[in-house]
Amino acid sequence: MANQGPAYYSPYPAATYEGVITPPEGKALLLEDVVDEETAMREIAKQMLTKENATIFPGPQVLYAWSDEAKRKATLIKEMAEVLNANMIPMYDYRPKYPKIDAEVEINPNHPNLTIWENKIKAAIFIGVHCHYANVALKIVRAETDCYTIAMCALSGHEDAMATIRDQHASDLEKFIKIAKEVKSELGV
Amino acid sequence: MALDIYKINPEFRDIMPQEIIDLEEKATWSVKMDKPRGIKELPDTKELLEEHSLCAGCPEAAALRYVLSALPKPEDTIIVNSTGCTSLMFPHIALHTVHSLFGNQNAVASGIKRVLDWRFPDIEKDVVVLAGDGATVDIGLDYTLQSFFRQENITTICFDNEVYANTGGQESGATAKGQVFKMAPMGKKFDKVPMWELATTSGCHYSVNMTASAPKAVARAVREAILIAREIGPTFLNIYTPCILEIGLSANEGLGEMKDQDKDRFASYKHVSPEAEEFLKKCKEEGRI
Numbered sequence: 001m002a003n004q005g006p007a008y009y010s011p012y013p014a015a016t017y018e019g020v021i022t023p024p025e026g027k028a029l030l031l032e033d034v035v036d037e038e039t040a041m042r043e044i045a046k047q048m049l050t051k052e053n054a055t056i057f058p059g060p061q062v063l064y065a066w067s068d069e070a071k072r073k074a075t076l077i078k079e080m081a082e083v084l085n086a087n088m089i090p091m092y093d094y095r096p097k098y099p100k101i102d103a104e105v106e107i108n109p110n111h112p113n114l115t116i117w118e119n120k121i122k123a124a125i126f127i128g129v130h131c132h133y134a135n136v137a138l139k140i141v142r143a144e145t146d147c148y149t150i151a152m153c154a155l156s157g158h159e160d161a162m163a164t165i166r167d168q169h170a171s172d173l174e175k176f177i178k179i180a181k182e183v184k185s186e187l188g189v
Numbered sequence: 001m002a003l004d005i006y007k008i009n010p011e012f013r014d015i016m017p018q019e020i021i022d023l024e025e026k027a028t029w030s031v032k033m034d035k036p037r038g039i040k041e042l043p044d045t046k047e048l049l050e051e052h053s054l055c056a057g058c059p060e061a062a063a064l065r066y067v068l069s070a071l072p073k074p075e076d077t078i079i080v081n082s083t084g085c086t087s088l089m090f091p092h093i094a095l096h097t098v099h100s101l102f103g104n105q106n107a108v109a110s111g112i113k114r115v116l117d118w119r120f121p122d123i124e125k126d127v128v129v130l131a132g133d134g135a136t137v138d139i140g141l142d143y144t145l146q147s148f149f150r151q152e153n154i155t156t157i158c159f160d161n162e163v164y165a166n167t168g169g170q171e172s173g174a175t176a177k178g179q180v181f182k183m184a185p186m187g188k189k190f191d192k193v194p195m196w197e198l199a200t201t202s203g204c205h206y207s208v209n210m211t212a213s214a215p216k217a218v219a220r221a222v223r224e225a226i227l228i229a230r231e232i233g234p235t236f237l238n239i240y241t242p243c244i245l246e247i248g249l250s251a252n253e254g255l256g257e258m259k260d261q262d263k264d265r266f267a268s269y270k271h272v273s274p275e276a277e278e279f280l281k282k283c284k285e286e287g288r289i
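Protein sequences appear in the order of chains S and E. First residue of the first sequence? That's 1 in UniProt numbering, and the numbers climb one at a time after it. First residue of the second sequence? That's 1 in UniProt numbering, and the numbers climb one at a time after it.
No lab work stands behind these hints, which were simulated from the structure alone. One or more of the hints may lead you astray.
Taking lysine-lysine and the DSS-like style, the derived pairs with C-alpha atoms no more than 25 Å apart in a straight line are [claimed, not checked]:
id, chain 1, residue 1, chain 2, residue 2
1, E, 7, S, 78
2, S, 71, E, 282
3, S, 71, E, 270
If you want a taste of the chain S side facing chain E, the calculated C-beta under 8 Å gives, among others [unchecked claim]:
id, residue
4, 58
5, 62
6, 63
7, 65
8, 71
9, 74
10, 75
11, 78
12, 88
13, 90
14, 92
15, 131
16, 133
17, 143
For every residue, glycine included, the Cβ atom is placed at its ideal position computed from N, Cα and C.
Please construct the entire structure, taking both the sequences and the accompanying hints into account.
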């Protein structure tokens, strides 16, 4: 279990209390360092291609076909999973959790740590997950697992992920896929 | 956008659980319906509580299903509930719900309704309070009555099981005089609060006292109450849903208890204000009821 957090009401230490904040526009975050977006993309691809049970968690903003951008992103995320040899677990929410659903397999924002523990996931990408769920989930995962978490965020990023790239729209995903293919070829995996 | 938020991206259909796919295909969102949603939807509609976590044979579980089936616009309805057995069921339904602090439900609902009217002036949004007798008649009585005084456009439904059931059987204001419970061993000392009468005198345009013995009657009352609340003002339903556990009945005896009470303490009470009466006539002519 994590230590008591700096705020003394949350058991989880939050990155902001350690001075980590979201990256400025055009930049990305690798652990505590602000880096160029391309550098971060290369590191993300490397982590996903080399860690055990790499998994992509697509969230409601891409799981549902509510806009043209969401549809385009869905196609690209599928391609991304193929390039990264990654599994996919939907983080759908907004729908009832019937008791027959196995919450430890189908990720639930309230206990993504269980999903990551049970599946021994060592690298994970959160994409299309609403900010409030991602914030909670990433804090828990960061505190209680050894999973390398990656936030591909369409807004300003998440400081509690190990790697954060921000303002990720369909064109940025295309760029990431291109970089991931290069890294894959360099690593020979 | 509207219902597009419920359409699964074709790319992800293969990774979505079957439950979610079923909901997309079989839910009865009002814009998808060629006929009004209703009680007949219960057996095969995914979002109307396929499973629940209450006691076997619980009349409250049945009543909630009737209420859900009767919502005129489920995708544009927000249910505000309070602590009680029913709150265990809300995680299992595909509707917008807000869990308020115990007793605060009518205050919370008032705020939500006002914001929705401001934020979505062109869309009819319904706010329905669903709480037990402890939250409505005891701890939340002030908030409930104040919302009636203020003429908030919300429907309040009280699942009256005449006891604080999920905390072990304390008497509530709705408990009948003389009733003995595990934590009221001397028997209740004063009369049951006639909440439906309080609702009438406090300004509700529609106030009904009934049991959940007849699904169609419950559904009709719910639909009428919501439509009136949308257009005219506050409405109230008191629905007797006995806690079979606390009064010592078995799982198959809840319906019998409600039917007995139909003729006794819960004999039908219905108040409709003149403007609501006029409005209901119009709704019938337009086929909305």
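With 8 Å as the cut and Cβ atoms as the points, is residue 63 of chain S at the interface with chain E?
It holds, given that the least Cβ distance between residue 63 of chain S and chain E is near 5 Å, below 8 Å.
Residue 62 of chain S as chain E interface residue, shortest Cβ-Cβ below 8 Å:
holds (7 Å)
How about residue 133 of chain S: closest beta carbon in chain E under 8 Å, or not?
violated (15 Å)
Would the stated hint for residue 78 of chain S survive a check requiring a Cβ distance to chain E of less than 8 Å?
Result: holds, 5 Å to nearest chain E Cβ.
Hinted pair residue 71 of chain S and residue 282 of chain E, Cα distance within 25 Å
At roughly 43 Å apart (the allowed maximum being 25 Å), residue 282 of chain E and residue 71 of chain S break the hint.
Given residue 75 of chain S was flagged as interface, is its beta-carbon under 8 Å from a beta-carbon of chain E?
holds (6 Å)
If you take the shortest Cβ to Cβ gap from residue 71 of chain S to chain E, is it below 8 Å?
Where the cut-off is 8 Å and the nearest Cβ of chain E is about 6 Å from residue 71 of chain S, the hint holds.
Close enough to count: is the Cβ of residue 65 of chain S nearer than 8 Å to one in chain E?
holds (5 Å)
Under 8 Å is the threshold here; is the Cβ of residue 131 of chain S close enough to any Cβ of chain E for the hint to stand?
Because about 17 Å separates residue 131 of chain S from the closest Cβ in chain E, which is outside the 8 Å limit, the hint is violated.
Are residue 92 of chain S and chain E close enough, Cβ to Cβ, to be under 8 Å, as the hint says?
For residue 92 of chain S, the interface hint holds, since the closest Cβ of chain E sits about 6 Å away, which is under 8 Å.
Under 8 Å is the threshold here; is the Cβ of residue 90 of chain S close enough to any Cβ of chain E for the hint to stand?
holds (5 Å)
Taking only the CA atoms, is the gap from residue 7 of chain E to residue 78 of chain S under or equal to 25 Å?
holds (17 Å)
In the structure shown, a violation is registered for the earlier hints numbered 2, 3, 15, 16, 17, in ascending order.
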